[in-house]
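Starting from the structure of chain A, add chain B where the hints point.
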Amino acid sequence: MANLDNLIHQPVRLRIVSSLSTLSEDESMEFTFLRDLHELTDGNLGAHLRKLEDASYVSLEKTFVERKPRTFIALTRKGRKAFSEHVKALEKILKDKP
Amino acid sequence: MDRNEAHESLEIVRQATDLTRQAVARAGTGYMLIIWGIVWLVGFLGSQFLGDAQGYLWLVLDVFGIVGTAVVILKSRSQVRSTHGKRIGIFWLILFVYGALIFWIAGPIHGDNYLLFITILVSFGYVVMGLWFSPPLLYIGLSITALALVGWQVIPDYLGAWLALVGGGGLIASGIFILRGRV
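Sequences listed follow chains A and B, in order.
All letters in the first sequence, in the order written, are residues 1 to 98 by our numbering.
All letters in the second sequence, in the order written, are residues 1001 to 1183 by our numbering.
With the rest of the complex left out, here is chain A (with noise of 0.2 Å):
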């Protein structure tokens, strides 16, 4: 049975999955990417992010492209059954409350 995931539910981090979760799981997203598609600040971001990342939801890579500093984000695999999870549990809800 599916269930409700807390740490996704916040209204940002779940913008933030849904659209790691477009991706296939060996694509990642760059920060500032993620950051203007949602119109967050740097700040909100990297909080957000920490929090999935501590839940094991999401995976940061630190590299350089052109020699600039990036940080490249995908989400898990334990992060996309959970985002999944979540959703399965939010359609229930549609399907069953009248």
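It should be emphasised that the hints constitute simulated quantities derived from the structure, not laboratory data.
Treat the hints with care, since some could be wrong.
[Said to hold, decoys possible] Cβ pair distances, simulated, as ranges:
#: 1; chain 1: B; residue 1: F1049; chain 2: A; residue 2: K88; range: 13 to 23 Å
#: 2; chain 1: B; residue 1: R1021; chain 2: A; residue 2: F64; range: 49 to 59 Å
#: 3; chain 1: B; residue 1: L1057; chain 2: A; residue 2: H9; range: 53 to 63 Å
[Unchecked claim] In silico DSBU-like pairs for lysine-lysine, Cα to Cα no more than 30 Å straight-line:
#: 4; chain 1: A; residue 1: K62; chain 2: A; residue 2: K92
#: 5; chain 1: A; residue 1: K88; chain 2: B; residue 2: K1075
#: 6; chain 1: B; residue 1: K1075; chain 2: A; residue 2: K68
#: 7; chain 1: A; residue 1: K62; chain 2: A; residue 2: K51
#: 8; chain 1: A; residue 1: K68; chain 2: A; residue 2: K88
[Stated by the list, open to error] Residues from chain A that face chain B, not an exhaustive set, calculated with beta carbons under 10 Å:
#: 9; residue: L7
#: 10; residue: S18
#: 11; residue: L34
#: 12; residue: L49
#: 13; residue: E53
#: 14; residue: L60
The beta-carbon is built from N, C-alpha and C at its ideal position, and this holds for glycine as well.
Frame of chain A, contents of chain B only:
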């Protein structure tokens, strides 16, 4: 959680996934379509009007297309890292090898039929890319194929110009459409 809250959350999920898919598609696909649309438009017009001199034109256009594609790939790699680029490159390489094999075995294909053959081969590539990654490319590929066949039957004397217009013009228009976020 009540029904309204669940509905709002699912709406957030839908909006965020749509926004992301469009932004990722815009980053690469739109510019790529415009670049290859220019190559196609100018190249096929050259085939219609330049005669033997068209070989040099195609050489310049191919270099423009390959360099432009490399720039777009490098730019979009700084936003989303993926192994798709490698697979897309291998797919197009294999498609052209198969095209060359068909040309060799079933040939010789002359004049306007050669232009039509290239058009349909590339359109098939867009159809596969559409099924694989981005649905608009599927419709673009199918539309170009249908319009190319219509031109082949109805205005054979102006086939080069017609293919330039529907193929090149179609790709440029589709690229602009995607960049403006209409799809």
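These are the hints, each one checked on the structure:
The hint said 13 to 23 Å for the Cβ distance between B:F1049 and A:K88, and at roughly 60 Å that hint is violated. In this structure, B:R1021 and A:F64 break the distance hint of 49 to 59 Å, their C-beta atoms being roughly 28 Å apart. The hint said 53 to 63 Å for the Cβ distance between B:L1057 and A:H9, and at roughly 58 Å that hint holds. A distance of roughly 38 Å separates the Cα atoms of A:K62 and A:K92; the hinted pair therefore is violated under the 30 Å criterion.
Straight-line distance between C-alpha atoms of A:K88 and B:K1075 comes to about 36 Å, which puts the hinted pair past the 30 Å bound. Among the hinted pairs, B:K1075 with A:K68 is consistent with the structure: their alpha-carbon atoms are about 13 Å apart, no more than 30 Å. Between A:K62 and A:K51 the CA atoms are separated by roughly 17 Å; this keeps the pair inside 30 Å, and the hint holds. With a C-alpha separation of about 40 Å, the suggested pairing of A:K68 with A:K88 is violated against the 30 Å cut-off.
Annotation: A:L7 was flagged as interfacial toward chain B, and the flag is violated, the nearest CB pair being 13 Å apart, outside 10 Å. With a least beta-carbon distance of about 4 Å to chain B, the hint placing A:S18 at the interface is held under the 10 Å criterion. The restraint placing A:L34 at the interface with chain B holds, with a minimum CB-CB distance near 9 Å, inside the 10 Å limit. Below 10 Å, beta-carbon pairs count as interface contacts, and A:L49 has none with chain B, the closest being about 15 Å; its hint is therefore violated.
Here the hint on A:E53 is broken, as its CB sits about 18 Å from the closest CB of chain B, past 10 Å. With a cut of 10 Å, the hint placing A:L60 at the interface with chain B is violated, because the nearest CB-to-CB distance is about 13 Å.
The structure fails to meet hints 1, 2, 4, 5, 8, 9, 12, 13 and 14 from the earlier list, while all remaining hints are met.
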